[in-house]
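Residue numbers (the working numbering), protein chains in the order written: chain S, 15 to 370; chain X, 15 to 370.
Hint data in this document are derived by calculation from the structure and do not stem from the laboratory. Some hints could be false.
[What the hints assert, rightly or not] Listed next, with one range per pair, are the computed distances between beta-carbon atoms:
| # | chain 1 | residue 1 | chain 2 | residue 2 | range |
| --- | --- | --- | --- | --- | --- |
| 1 | S | Thr175 | X | Asp153 | 52 to 62 Å |
| 2 | S | Val60 | X | Met15 | 18 to 28 Å |
| 3 | X | Asp64 | S | Lys17 | 22 to 32 Å |
| 4 | X | Val301 | S | Ser196 | 43 to 53 Å |
| 5 | X | Ala280 | S | Gly80 | 12 to 22 Å |
| 6 | X | Arg55 | S | Glu244 | 27 to 37 Å |
| 7 | X | Asp64 | S | Asn41 | 27 to 37 Å |
| 8 | S | Ala118 | X | Leu40 | 35 to 45 Å |
| 9 | X | Gly341 | S | Glu77 | 13 to 23 Å |
| 10 | X | Asp323 | S | Glu244 | 19 to 29 Å |
| 11 | S | Glu77 | X | Leu40 | 29 to 39 Å |
All of these numbers come straight from a predicted model, not from anything done at the bench. Beta carbons are placed, not taken as given, at the ideal position from N, Cα and C, and that holds for glycine.
As a plain string of letters, each chain reads:
There are 2 protein chains.
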Amino acid sequence: MKKHNYSAGPCILPQEVFEKSAQAILNFNDSGLSLLEISHRSKDFVAVMDQARALVLELLGLEGKGYQALFLAGGASLEFVMIPYNLMKVDGKAAYLDTGTWAAGAIKEAKLFGETVVVGSSKDDNYNHIPTGYSIPTDADYFHCTSNNTIFGTQMKTFPTTEVPVVCDMSSDIFSRVLDFSQFDLIYAGAQKNMGPAGTTLVVVKESILGKSGRDIPSMLDYSKHIKAESMYNTPPVFPVYTSLLTLQWLKNLGGIAAIEKQNNAKANLLYSEIDRNPLFKGAAAVADRSAMNATFLLNDEAHAPIFDEMWKAAGISGLPGHRSVGGYRASMYNALPLESVQVLVDVMKALETKV
Amino acid sequence: MKKHNYSAGPCILPQEVFEKSAQAILNFNDSGLSLLEISHRSKDFVAVMDQARALVLELLGLEGKGYQALFLAGGASLEFVMIPYNLMKVDGKAAYLDTGTWAAGAIKEAKLFGETVVVGSSKDDNYNHIPTGYSIPTDADYFHCTSNNTIFGTQMKTFPTTEVPVVCDMSSDIFSRVLDFSQFDLIYAGAQKNMGPAGTTLVVVKESILGKSGRDIPSMLDYSKHIKAESMYNTPPVFPVYTSLLTLQWLKNLGGIAAIEKQNNAKANLLYSEIDRNPLFKGAAAVADRSAMNATFLLNDEAHAPIFDEMWKAAGISGLPGHRSVGGYRASMYNALPLESVQVLVDVMKALETKV
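Same shape as in the complex, but just chain S (with noise of 0.2 Å):
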């Protein structure tokens, strides 16, 4: 049966790419060894580690710009530790935007390293929006923000104009959308959404706002280094790389960012046009926050629960449930997601009308 999977993260990938990591694994490139047996510092592991590299400024329009790509280890989580140790000066100060459960994680990081302002929250409305009219200090090293909240369902639609570095969050939802990457000074997202398998996290830093901190910073959380050593400064997580290289390659011979871009609003079209017009069905997020990637609905009637669940994972979707924090749904609807999925889900939601 035909599966259609929903997953928040490590989510769905395009079949192609699961059938080339499987063959990689069994003769990478036709050398009768498998890609988890050679050396990193091989010619063809250094060939993918360039290319990947290469090809995230590509999609991201920001070749020749100043900025590197890098692809470290630790998920996002330990970006929320580089960033400050990289960015924020002793005795500065950083502004953090607390839009979702991660953002307050970065924001709890950033704290042990000096003064974190946070300069707009929607904590008190349990997240279901992103806060706005809020300013960031001139004097900020920096700026931080959450560009999707996977839990929450919320999604920045814009981001603010300042002159302190913008550092954001992209882990779920990089790759999605076009927008004027350039924007941003520091890009960093963990690979299990729309880049790859787990195991790896992308970082694209302009090299400008590097070496400013004035801290002694431990070589393995050093961006310069990791710059310097060309994204090998020790053993990089191979097969979650060589993953994200096949992933790209996929989105880049679909027409980039541009042509996925027009699939994700297609599917978010058309579930939220579902949820809003299904009596029995409510969004848990503002209209206007709305996450292209990460739809969060619930029931009206939560006494429609088991019927509506046994009905989903009859049609083969998995991974519906939504987070504790929310409750109800969510319907993550990453790149590799086929418009199909949606379709079957929708198809769900209005045979349920029927059903109750």
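Use these hints to put chain X onto chain S, whose structure you have.
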């Protein structure tokens, strides 16, 4: 043609591990989903993590002795930072044994945190032996050593008795030989030698040594937080952890560490006997400290290098060139390398005698 992979790491893994991990990418546990697209919080993956953590303690004989096994990210190099963060008190000090490039790397990071006493070093002899006759300050917060020096081909055969906690980087010989592992308070190892593919780091820590540094430890660098979260503080490196589990299961089915140690000794004896017998070659490391994992050796006459290189390549051997710090050759004979591959190398070394 059959390949004989002597890569120093990432390195050869059992063929059944390649096959099973490739299969899991196409269809994990017959779920119809790829291992790469399932949630790390799913029942199936939580079981993988739990089994892997338990099997580590079982294989090391550390069950029920107050230890916890963690699968982290960032490689051994990130542990160089985590260890002082967690174990070196504010205004405390640590003792390090300097036995090679990686030990020196660990020392460099520790110095950022406080007094770092190098109790012994073989640096002046290009690390060709393990220092002896050193003493460990009784007021050190911990003693750090590196059990096997991949680059130089030396291996600690015994470990000092001390009342301070003993921390050991076993990246390149963990699971290769029987030791009383309870003599260590913290063991760590990048997976990419005897445990699995690149992308995860094993940490085995005695819980009673934690919580004493008095430092504000960033969450991702705090062993206690990882323990509390059962090694899922954030999204773990799913594929590397799963493939490590497969490798550990292979080892258990083979008879565990005692069984593989016999094979490893047979391989090492075969190769070192030939290095000592063959007048064209000489070993690089002190005989008493020779590593059973990485044999470093040189041609007595460099002029023979072109013909020897041509011969071993023709025999299907790869990964044999020595590290630039030593030159010559390095045969890495990790757990999954079959005795047959060592015989092929020895046969080539013998054949060289008839050609020059």
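Results of checking the hints against the structure:
1. S:Thr175 - X:Asp153: 52 to 62 Å: holds (55 Å)
2. S:Val60 - X:Met15: 18 to 28 Å: Check passed, 24 Å falls within 18 to 28 Å.
3. X:Asp64 - S:Lys17: 22 to 32 Å: holds (25 Å)
4. X:Val301 - S:Ser196: 43 to 53 Å: This hint is violated: roughly 60 Å between Cβ atoms.
5. X:Ala280 - S:Gly80: 12 to 22 Å: violated (55 Å)
6. X:Arg55 - S:Glu244: 27 to 37 Å: Roughly 34 Å apart at Cβ, these two residues keep to the hinted range, so it holds.
7. X:Asp64 - S:Asn41: 27 to 37 Å: The hint (27 to 37 Å, Cβ to Cβ) holds, given that X:Asp64 and S:Asn41 are roughly 32 Å apart.
8. S:Ala118 - X:Leu40: 35 to 45 Å: holds (38 Å)
9. X:Gly341 - S:Glu77: 13 to 23 Å: violated (39 Å)
10. X:Asp323 - S:Glu244: 19 to 29 Å: The hint (19 to 29 Å, Cβ to Cβ) holds, given that X:Asp323 and S:Glu244 are roughly 27 Å apart.
11. S:Glu77 - X:Leu40: 29 to 39 Å: Between S:Glu77 and X:Leu40, where Cβ atoms are some 35 Å apart, the hint holds.
Checked against the numbered hints above, the structure violates hints 4, 5 and 9; every other hint is satisfied.
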